[in-house]
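Chemist: For what it's worth, the UniProt record's numbering labels the leading residue of the sequence shown as 1, then goes sequentially.
Certain hints may be false.
[Unchecked claim] Under the rule of at most 20 Å between Cα atoms (straight-line distance), these lysine to aspartate or glutamate pairs were calculated in the DMTMM-like manner:
#1 K348 - D379
#2 K328 - D373
#3 K336 - E523
#4 K566 - E165
#5 K191 - E169
#6 K558 - E519
#7 K456 - D440
#8 K565 - E523
#9 K456 - E234
#10 K182 - D131
#11 K182 - E133
#12 K503 - D468
#13 K157 - E142
#14 K134 - D187
#15 K134 - E180
#16 K348 - E385
#17 K566 - E166
#18 K290 - E306
#19 K565 - D131
#20 K403 - E496
#21 K492 - E245
#22 K328 - D338
[To be verified] Ranges of calculated distance between the beta carbons of each label pair, as one might list FRET restraints:
#23 P537 - T184: 47 to 55 Å
#24 E306 - K492: 33 to 41 Å
#25 K382 - R168: 56 to 64 Å
FYI, nobody ran anything at the bench for these hints, they're computed from the structure. Since the model is a prediction, treat every value here as computed from it, not as a measurement. Virtual Cβ for every residue (Gly too), placed ideally from N, Cα, C.
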Amino acid sequence: MLASESILRSHHHHHNHHHLNQSQQQQQHTKQFNDSIYKQQVVHDAVDSNELARNTSVNAFNLSHPIVPSPTNVNARDNDIVNVKCKNSGALSTDENRATSTKQLHTLKDKTDKMNSNSMNCLIVSHPNADSEKFIRECVGEIIKSAVFAGTNRSNKVVQWHSPEELRELFDFKLKNAGESKETLFDLLQKTIDFSVKTGHPYFINQLYSGLDPYALIGQWLTDALNPSVYTYEVAPVFTLMEEEVLSEMRRIVGFPNQGYGDGIFCPGGSIANGYAISCARFHKSPNSKKHGLFGSKRQIIFTSEDSHYSVEKLAMFMGMGSENVCKIKTNKFGKVDIEDLEKQIKKCISENCEPMMISATSGTTVLGAFDDLNSVADLCKQYEMWMHVDAAWGGGALMSPKYRHLLNGIERADSVTWNPHKMLTASQQCSTFLTRHKDILSQCHSTNATYLFQKDKFYDTSYDTGDKHIQCGRRADVFKFWFMWKAKGTKGLEEHVNQLFKMSEFLTNQIRERSGFELVLENPECTNISFWYVPPSLRGMERNDKFHSELHKVAPKIKEAMIKKGSMMVTYQPLHNLPNFFRIVLQNSCLTESDMIYFLDEIETLGNNL
1 MLASESILRS HHHHHNHHHL NQSQQQQQHT KQFNDSIYKQ QVVHDAVDSN ELARNTSVNA
61 FNLSHPIVPS PTNVNARDND IVNVKCKNSG ALSTDENRAT STKQLHTLKD KTDKMNSNSM
121 NCLIVSHPNA DSEKFIRECV GEIIKSAVFA GTNRSNKVVQ WHSPEELREL FDFKLKNAGE
181 SKETLFDLLQ KTIDFSVKTG HPYFINQLYS GLDPYALIGQ WLTDALNPSV YTYEVAPVFT
241 LMEEEVLSEM RRIVGFPNQG YGDGIFCPGG SIANGYAISC ARFHKSPNSK KHGLFGSKRQ
301 IIFTSEDSHY SVEKLAMFMG MGSENVCKIK TNKFGKVDIE DLEKQIKKCI SENCEPMMIS
361 ATSGTTVLGA FDDLNSVADL CKQYEMWMHV DAAWGGGALM SPKYRHLLNG IERADSVTWN
421 PHKMLTASQQ CSTFLTRHKD ILSQCHSTNA TYLFQKDKFY DTSYDTGDKH IQCGRRADVF
481 KFWFMWKAKG TKGLEEHVNQ LFKMSEFLTN QIRERSGFEL VLENPECTNI SFWYVPPSLR
541 GMERNDKFHS ELHKVAPKIK EAMIKKGSMM VTYQPLHNLP NFFRIVLQNS CLTESDMIYF
601 LDEIETLGNN L
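Let the sequences and hints guide you as you build the complete structure.
Modeler: Below you can see the structure in the form of structure tokens.
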């Protein structure tokens, strides 16, 4: 399983020496390139501003709204306004009246200018204007330069680590009575970028989200610029229809009958999506629960594996069902739910006069990336008349690939599915969906018919007013970034993205198998999270007993501390059941290459070799 250590060490030293020289050159080149681009943009913006100042009043309206026309152009536009008024009303037909109207417009302009000049001392309106446009452009330019490009450059650090005490000294967090200058705000923007973790960096492999998709980023920015709330068609027409299309296509890909018949919603995270599953399952089992709550039915039990996401238990607590009514089922050595133990616990539940309400299966567990046997779960749900939910928040992305969707065989039999495009598919956070085969259950379960929003006598088809299905009122248009990304890449592009992730995970797994001092937790990981131990030379000769495991347990935290303080990469670690701490590299950034995989192992070995 392990390769020659001397050969690997030789490669390791050569690789690191090459990487450092290359990194220094690349960092200097990148800085020069980014500064050059930024200076060109500043010059371009200055030329644009001068051009607009010289232009006619019509072109002046290209600036951010609202804007007061410049004095050199005010007469032409004022005369146009006066002419329109004369034509429509006949009230201003003489030159004297025209002059009077023009004077009034100048007076109005002077008052507006005075108000704007005093705004820094009294009111800074929450509205873009000509003054804020320059600042917006400067800030966006800095974000593009420092966060988007420099922040994702392999030669730069993933994080500049500082303790909380140090960071409070370096960064002005205090809120004050008076506002700050634009220069101070720009400095704070730069420091925010500098001191933040660059989650789009290729070497951020710490969580079940990473990468910085350019199309998703554009979508995120436009969403914030438009600032919609998707609850009625009248306030969010484009995003309402966009959600309908995306959710319908996702249900079709899941495999729900009749080309994805059913319903779905975007949620603020996979945890809340799992909460929707509990809510729908409870209503499905006991419709009176909507009115009578927990007093309207028997004690209802949720079944899920001991390796499932903690949100199942947390949302059961939040909804008043209690953690004792979440039955944790044993997992086998591969991290999958034990079907025999599951049925045993269901029968026990019935014998205690409780009602088995739902099974929450997992497709892609958080730590090991295990996929539960969904067909066996579906058989039990059918036999005992239970709601079947699949938490595919992480592993759902594999559905995009014909090569890997077999991992989720049986998902088409589920009553509901959680699927987070911000995980394996790398849409920007947050982007989470809840999908169900039951067309009306979300409305039946959650609607309150608030008349100030969901009037039934509107002039359009109110079935497009989707807000009453949600437990939220105000809700971000999380759909756009994913829709825009999907439009750019196509379904085929998303498939290739997923295939690349699995290809790199297989390469990394093989490297770990062959490398001295590295040992896999699972010999054949199913998903793209790869769990392993690094055993430093000082422990390799020890007997594998409790003392060995106790010492090994300390290794991963020490290496993690060193890599964070160095800023070289970020990878998480954790224990599981009776296993000592192990590393978990999570791959969902399709820009990663075989060289990156080798770098990860080289860096861990470098940081842990002398422990």
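Chemist: If a hint holds in the structure, say so; if it does not, say that too.
Modeler: Right, here's what the structure says about each hint:
The hinted pair formed by K348 and D379 meets the criterion: a straight-line CA distance of about 18 Å does not exceed 20 Å. Note on K328 and D373: the hinted pairing holds, with a Cα-Cα distance of about 16 Å set against a maximum of 20 Å. Distance restraint check for K336 and E523: the Cα-Cα separation of roughly 15 Å lies within the 20 Å cut-off, and the hinted pair is therefore satisfied. At most 20 Å may separate the alpha-carbon atoms for a hinted pair to count; K566 and E165 meet this at roughly 18 Å.
Of the supplied pair hints, the one linking K191 and E169 holds, its CA atoms being roughly 12 Å apart against a limit of 20 Å. Among the hinted pairs, K558 with E519 is consistent with the structure: their alpha-carbon atoms are about 18 Å apart, no more than 20 Å. Taken as a hint, the K456 and D440 pair is honoured in the structure, with Cα atoms around 17 Å apart against an allowance of 20 Å. For the given pair, K565 sits about 31 Å from E523 by alpha-carbon distance, which is inconsistent with the 20 Å threshold.
With a C-alpha separation of about 13 Å, the suggested pair K456 and E234 falls inside the 20 Å cut-off, and the hint holds. Using a Cα cut-off of 20 Å, the hinted pair K182 and D131 holds, with the two alpha carbons roughly 11 Å apart. A threshold of 20 Å between alpha carbons decides the hint, and for K182 with E133 the separation of about 12 Å falls inside it, so the pair holds. Pair hint K503 plus D468 does not hold up; C-alpha atoms about 43 Å apart against a cutoff of 20 Å.
The straight-line distance between the Cα atoms of K157 and E142 is roughly 18 Å, inside the 20 Å bound, and the hint therefore holds. Taken as a hint, the K134 and D187 pair is honoured in the structure, with Cα atoms around 15 Å apart against an allowance of 20 Å. In summary, the hint linking K134 to E180 is supported, as the alpha carbons are separated by about 17 Å, within the 20 Å threshold. Our distance criterion of 20 Å between C-alpha atoms is met by K348 and E385, whose separation comes to about 15 Å.
With a CA separation close to 16 Å, the supplied pair K566 and E166 stays within the 20 Å bound. The hinted pair formed by K290 and E306 fails the criterion: a straight-line CA distance of about 29 Å is larger than 20 Å. A hinted pair counts as satisfied when its Cα atoms are at most 20 Å apart, and K565 with D131 does not qualify at roughly 41 Å. For a cut-off of 20 Å, the pair hint linking K403 to E496 stands: about 10 Å separates their Cα positions.
Note on K492 and E245: the hinted pairing holds, with a Cα-Cα distance of about 17 Å set against a maximum of 20 Å. A threshold of 20 Å between alpha carbons decides the hint, and for K328 with D338 the separation of about 11 Å falls inside it, so the pair holds. Taking 47 to 55 Å as the suggested C-beta distance range, the pair P537 and T184 conforms, at roughly 51 Å. Checked against the hint of 33 to 41 Å, the C-beta distance between E306 and K492 comes to roughly 38 Å, which is consistent with it.
Between K382 and R168 the beta carbon distance is about 57 Å. The supplied range of 56 to 64 Å therefore holds.
In this structure, the earlier hints numbered 8, 12, 18, 19 are contradicted, and the remaining ones agree with it.
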